[in-house]
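Sequences listed follow chains A and B, in order. Add 496 to the 1-based position in the first sequence for this note's numbering, that's all there is to it. Add 496 to the 1-based position in the second sequence for this note's numbering, that's all there is to it.
To be clear, the hints were calculated from the coordinates, so they are not data collected in a lab. Any given hint might turn out to be false.
Intra- or inter-copy, both count: the list cannot distinguish identical chains.
Unchecked claim - Simulated crosslink set (BS3-like; lysine-lysine; CA at most 27 Å straight-line): (1) LYS837 x LYS708; (2) LYS708 x LYS728; (3) LYS605 x LYS888; (4) LYS728 x LYS706; (5) LYS866 x LYS888; (6) LYS708 x LYS873; (7) LYS873 x LYS837.
2 protein chains.
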Amino acid sequence: MRENESSNARSSQPLSVAPYRGVRDFYPEDMGVFRAVEARVRSWIERWGFEEYGASLLEPAELYEAKAAENEEIAREQTYTFTDRGGRRVTLRPEMTPTLARLAAARAKSLRFPLRWYSFPNVFRYERPQEGRLREHWQWNCDILGEPGVSADIEIITLASSILTDAFGAPRESFEVRVSHRGILTALEGEYLSEPPPNPTRLWAWIDRKEKMDAAQFTRGLRDLLPFDDAKVMETFLEAGSLDETLSLFPRLASVSAVELLQEAQEGLTLLGVPWRFDASLVRGFNYYTGIVFEVFAVSGLRRSIFGGGRYDGLTALFGAPPIPAVGFGLGDVTLTAFLKALGLLPQSALSLDVLVVPLGVRQLALAQKHALSARKAGARAVALLAPASPKEGVGEALRAGARWVVFVGDHEEAQRIVTLKHLPTRTQREAPEEGWEHLLAGEPA
Amino acid sequence: MRENESSNARSSQPLSVAPYRGVRDFYPEDMGVFRAVEARVRSWIERWGFEEYGASLLEPAELYEAKAAENEEIAREQTYTFTDRGGRRVTLRPEMTPTLARLAAARAKSLRFPLRWYSFPNVFRYERPQEGRLREHWQWNCDILGEPGVSADIEIITLASSILTDAFGAPRESFEVRVSHRGILTALEGEYLSEPPPNPTRLWAWIDRKEKMDAAQFTRGLRDLLPFDDAKVMETFLEAGSLDETLSLFPRLASVSAVELLQEAQEGLTLLGVPWRFDASLVRGFNYYTGIVFEVFAVSGLRRSIFGGGRYDGLTALFGAPPIPAVGFGLGDVTLTAFLKALGLLPQSALSLDVLVVPLGVRQLALAQKHALSARKAGARAVALLAPASPKEGVGEALRAGARWVVFVGDHEEAQRIVTLKHLPTRTQREAPEEGWEHLLAGEPA
Numbered sequence: 497m498r499e500n501e502s503s504n505a506r507s508s509q510p511l512s513v514a515p516y517r518g519v520r521d522f523y524p525e526d527m528g529v530f531r532a533v534e535a536r537v538r539s540w541i542e543r544w545g546f547e548e549y550g551a552s553l554l555e556p557a558e559l560y561e562a563k564a565a566e567n568e569e570i571a572r573e574q575t576y577t578f579t580d581r582g583g584r585r586v587t588l589r590p591e592m593t594p595t596l597a598r599l600a601a602a603r604a605k606s607l608r609f610p611l612r613w614y615s616f617p618n619v620f621r622y623e624r625p626q627e628g629r630l631r632e633h634w635q636w637n638c639d640i641l642g643e644p645g646v647s648a649d650i651e652i653i654t655l656a657s658s659i660l661t662d663a664f665g666a667p668r669e670s671f672e673v674r675v676s677h678r679g680i681l682t683a684l685e686g687e688y689l690s691e692p693p694p695n696p697t698r699l700w701a702w703i704d705r706k707e708k709m710d711a712a713q714f715t716r717g718l719r720d721l722l723p724f725d726d727a728k729v730m731e732t733f734l735e736a737g738s739l740d741e742t743l744s745l746f747p748r749l750a751s752v753s754a755v756e757l758l759q760e761a762q763e764g765l766t767l768l769g770v771p772w773r774f775d776a777s778l779v780r781g782f783n784y785y786t787g788i789v790f791e792v793f794a795v796s797g798l799r800r801s802i803f804g805g806g807r808y809d810g811l812t813a814l815f816g817a818p819p820i821p822a823v824g825f826g827l828g829d830v831t832l833t834a835f836l837k838a839l840g841l842l843p844q845s846a847l848s849l850d851v852l853v854v855p856l857g858v859r860q861l862a863l864a865q866k867h868a869l870s871a872r873k874a875g876a877r878a879v880a881l882l883a884p885a886s887p888k889e890g891v892g893e894a895l896r897a898g899a900r901w902v903v904f905v906g907d908h909e910e911a912q913r914i915v916t917l918k919h920l921p922t923r924t925q926r927e928a929p930e931e932g933w934e935h936l937l938a939g940e941p942a
Numbered sequence: 497m498r499e500n501e502s503s504n505a506r507s508s509q510p511l512s513v514a515p516y517r518g519v520r521d522f523y524p525e526d527m528g529v530f531r532a533v534e535a536r537v538r539s540w541i542e543r544w545g546f547e548e549y550g551a552s553l554l555e556p557a558e559l560y561e562a563k564a565a566e567n568e569e570i571a572r573e574q575t576y577t578f579t580d581r582g583g584r585r586v587t588l589r590p591e592m593t594p595t596l597a598r599l600a601a602a603r604a605k606s607l608r609f610p611l612r613w614y615s616f617p618n619v620f621r622y623e624r625p626q627e628g629r630l631r632e633h634w635q636w637n638c639d640i641l642g643e644p645g646v647s648a649d650i651e652i653i654t655l656a657s658s659i660l661t662d663a664f665g666a667p668r669e670s671f672e673v674r675v676s677h678r679g680i681l682t683a684l685e686g687e688y689l690s691e692p693p694p695n696p697t698r699l700w701a702w703i704d705r706k707e708k709m710d711a712a713q714f715t716r717g718l719r720d721l722l723p724f725d726d727a728k729v730m731e732t733f734l735e736a737g738s739l740d741e742t743l744s745l746f747p748r749l750a751s752v753s754a755v756e757l758l759q760e761a762q763e764g765l766t767l768l769g770v771p772w773r774f775d776a777s778l779v780r781g782f783n784y785y786t787g788i789v790f791e792v793f794a795v796s797g798l799r800r801s802i803f804g805g806g807r808y809d810g811l812t813a814l815f816g817a818p819p820i821p822a823v824g825f826g827l828g829d830v831t832l833t834a835f836l837k838a839l840g841l842l843p844q845s846a847l848s849l850d851v852l853v854v855p856l857g858v859r860q861l862a863l864a865q866k867h868a869l870s871a872r873k874a875g876a877r878a879v880a881l882l883a884p885a886s887p888k889e890g891v892g893e894a895l896r897a898g899a900r901w902v903v904f905v906g907d908h909e910e911a912q913r914i915v916t917l918k919h920l921p922t923r924t925q926r927e928a929p930e931e932g933w934e935h936l937l938a939g940e941p942a
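Using the sequences plus the hints, can you model the full thing?
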């Protein structure tokens with residue numbers, strides 16, 4: 497009853513036209529760009545043989561409270577979680593990977609691996625809205641499930657890179673793919689530090705934030721987390737510019753399997769033309785990665801991380817299913833759009849009208865609709881004006897809508913069972929029978 | 497902390513693979529059908545010159561507590577409404593129309609009317625899940641804003657009907673569009689009942705449910721809501737089979753403007769080939785309709801209402817904006833799919849592979865990826881196997897994936913800088929240079 501009362505109390509003052517905080521309205525011009533970007537990504541991903549899956553954004557809250565969550569802190573503090581009218585706890589998905597693992601686990605025995613799956617879900621995080629950080633955004637998720645070998649890592653990283661270069665024409669110089677493997681950092685800790693880090697989780701989180709602060713601040717924090725000499729070792733490690741340099745400084749890392757994997761991956765990525773670079777400081781602050789991780793970083797225009805991903809073997813085991821090897825990435829629409837815009841590569845929506853049908857009198861309103869319908873059946877994009885207009889007004893409307901053809905129907909046309917057909921680019925006009933005139937649209941007059 | 501503890505307590509037992517109750521998972525085969533249906537509707541709607549808009553499913557709760565809601569009972573008892581971490585009350589939209597009104601009101605002064613706008617949002621209702629009634633479904637919304645004349649009603653109803661006949665090829669006999677105008681029922685009450693109905697809201701809700709019960713039950717309820725003689729009048733009115741019959745039984749209704757509008761609409765719908773029928777019992781249990789209402793009812797296969805809509809002038813006034821005339825409909829994906837399935841008209845997804853690249857040895861894994869990338873750049877849908885395979889295994893995989901071409905790369909091909917290219921439909925095989933082989937895909941061998 498309370499809601500009802502408050503509604504009555506409020507009904508005299510106008511409702512706000514603002515959307516909910518931190519989400520977007522899409523007017524047709526915005527939606528056109530959104531769909532144009534979507535179509536480019538989708539068609540490119542599908543050329544890679546990836547198949548689309550989907551699920552509701554409503555998920556049982558437990559899914560993010562277990563170790564399935566990409567980031568426990570986000571799961572705890574930034575999810576939209578509520579209790580439904582039946583007492584079930586529900587979360588608006590903050591990411592797609594737990595859902596993907598759930599779907600794969602449910603059919604682990606009948607699916608035919610390896611799978612190449614993609615999705616384009618909206619995901620939700622309760623955070624203070626700011627530039628590029630919304631509470632809802634759309635995110636491309638591409639994953640290969642069921643292949644433990646590094647060939648899957650190579651394919652996923654190449655796909656990530658080629659969405660930018662091939663689907664949108666971004667120059668290879670406009671970004672770099674920073675690649676690492678968390679096993680290298682673990683091996684460094686074991687081989688070269690004087691003692692295990694007292695708080696490895698906080699240490700890795702600090703390393704993950706390295707790009708976001710200046711060097712002095714980073715060093716101070718590192719010295720709070722490690723003994724003085726170990727902090728110096730770690731700094732040297734993180735600043736190595738290549739895997740070769742890392743290995744010459746820390747030769748005992750050469751026999752670590754993570755390094756062998758990385759070397760194999762980098763050989764493949766070079767052959768495939770991916771602009772990659774080893775980055776020892778790349779951690780990605782997530783729980784579930786188990787192997788190679790990567791991040792695509794814009795180096796011209798924007799200088800920021802655009803998106804990333806990595807290998808997360810075994811997530812399906814949380815569901816009691818066999819552990820399935822997996823590697824994938826998530827690419828958000830807001831960041832992708834900002835990256836493309838900075839490069840002048842944002843595609844534009846190109847829908848314009850082919851035909852405008854103009855009723856010259858009130859009597860011809862329904863007849864105009866009939867002619868528009870005939871044009872649509874012949875494949876044209878057609879609109880009939882909903883109120884009578886003069887020929888001059890009709891041509892004005894058609895030009896505004898980008899239509900190439902105008903069709904007039906007035907008393908004369910109705911009586912003669914014809915239409916008057918005007919081709920705007922050539923300003924030519926003719927009469928045509930009311931049955932079949934639409935087939936003239938296919939051949940533009942000379 | 498509580499959530500954290502419960503997560504630890506739970507981590508030993510497996511998570512459920514079930515989705516949240518009343519929502520759907522879309523495996524690739526389901527998603528393929530969903531997208532195939534979506535593509536048909538979208539491309540047909542766009543031929544009508546409708547432009548897509550969108551918005552977040554998160555809306556301020558006030559939007560549905562004011563009179564903007566299609567149905568107050570639903571707004572009160574069936575919405576997903578919760579309080580966010582910042583204390584704001586949020587609702588998962590149960591329908592799109594209030595959002596549309598919000599968007600139009602926000603730019604009422606700068607938008608150029610009439611507008612033809614469509615959207616394909618997911619909408620949410622907390623209800624007991626049952627056949628065809630889910631908690632989340634996707635819904636096509638098409639609306640014309642800014643045109644008060646009946647020409648807009650005619651266009652919207654024709655579009656609704658032609659989605660079934662033209663986008664999917666449904667026979668005109670498979671459904672009927674039931675049309676009415678709420679002004680006729682109001683006029684009947686004023687002109688022919690002995691007194692105003694004591695509870696008009698309950699009366700209209702009862703009439704709205706007429707199709708869902710047998711005649712005796714309906715009559716009993718009607719007699720609880722109206723004096724005996726008035727109930728008999730109402731029954732006669734509701735059972736009239738056509739507008740002509742209604743007018744011959746109740747001649748004083750002929751001068752009612754609602755009847756004149758309906759006659760004009762029906763003339764237009766007949767010209768446009770829409771299978772319409774007047775239905776005096778059509779009320780649609782909603783608050784905001786102000787004029788003609790309609791419902792598309794399946795008459796072969798399924799016998800049930802598929803979708804409906806009508807005119808709802810002035811909703812934008814709730815936002816303090818000028819009242820904008822509007823007419824539209826909402827078509828849900830679940831009902832549409834069931835209708836098409838019953839008629840054997842459900843489109844299928846048709847994505848299959850063009851090329852499978854088979855690495856014959858471990859050394860050729862990355863090279864196979866490179867060849868697949870070349871094929872994609874030439875427009876083909878291509879996959880490289882992630883593990884080496886024999887030629888026989890490769891052909892088996894290719895046949896399963898529906899690929900027409902198989903490309904082999906082994907030590908021989910790598911050394912000679914060639915590929916071996918097999919065309920499966922003709923079982924022909926040839927060698928081709930490793931640079932440029934992909935251009936052979938365009939011309940199938942004779």
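Structure-based check of each hint:
| no. | hint | result |
| --- | --- | --- |
| 1 | LYS837 x LYS708 | within (23 Å within a copy, 54 Å between copies) |
| 2 | LYS708 x LYS728 | within (20 Å within a copy, 78 Å between copies) |
| 3 | LYS605 x LYS888 | between (67 Å within a copy, 25 Å between copies) |
| 4 | LYS728 x LYS706 | within (15 Å within a copy, 81 Å between copies) |
| 5 | LYS866 x LYS888 | within (22 Å within a copy, 58 Å between copies) |
| 6 | LYS708 x LYS873 | neither (56 Å within a copy, 36 Å between copies) |
| 7 | LYS873 x LYS837 | between (37 Å within a copy, 23 Å between copies) |
In this structure, the one hint that does not hold is number 6.
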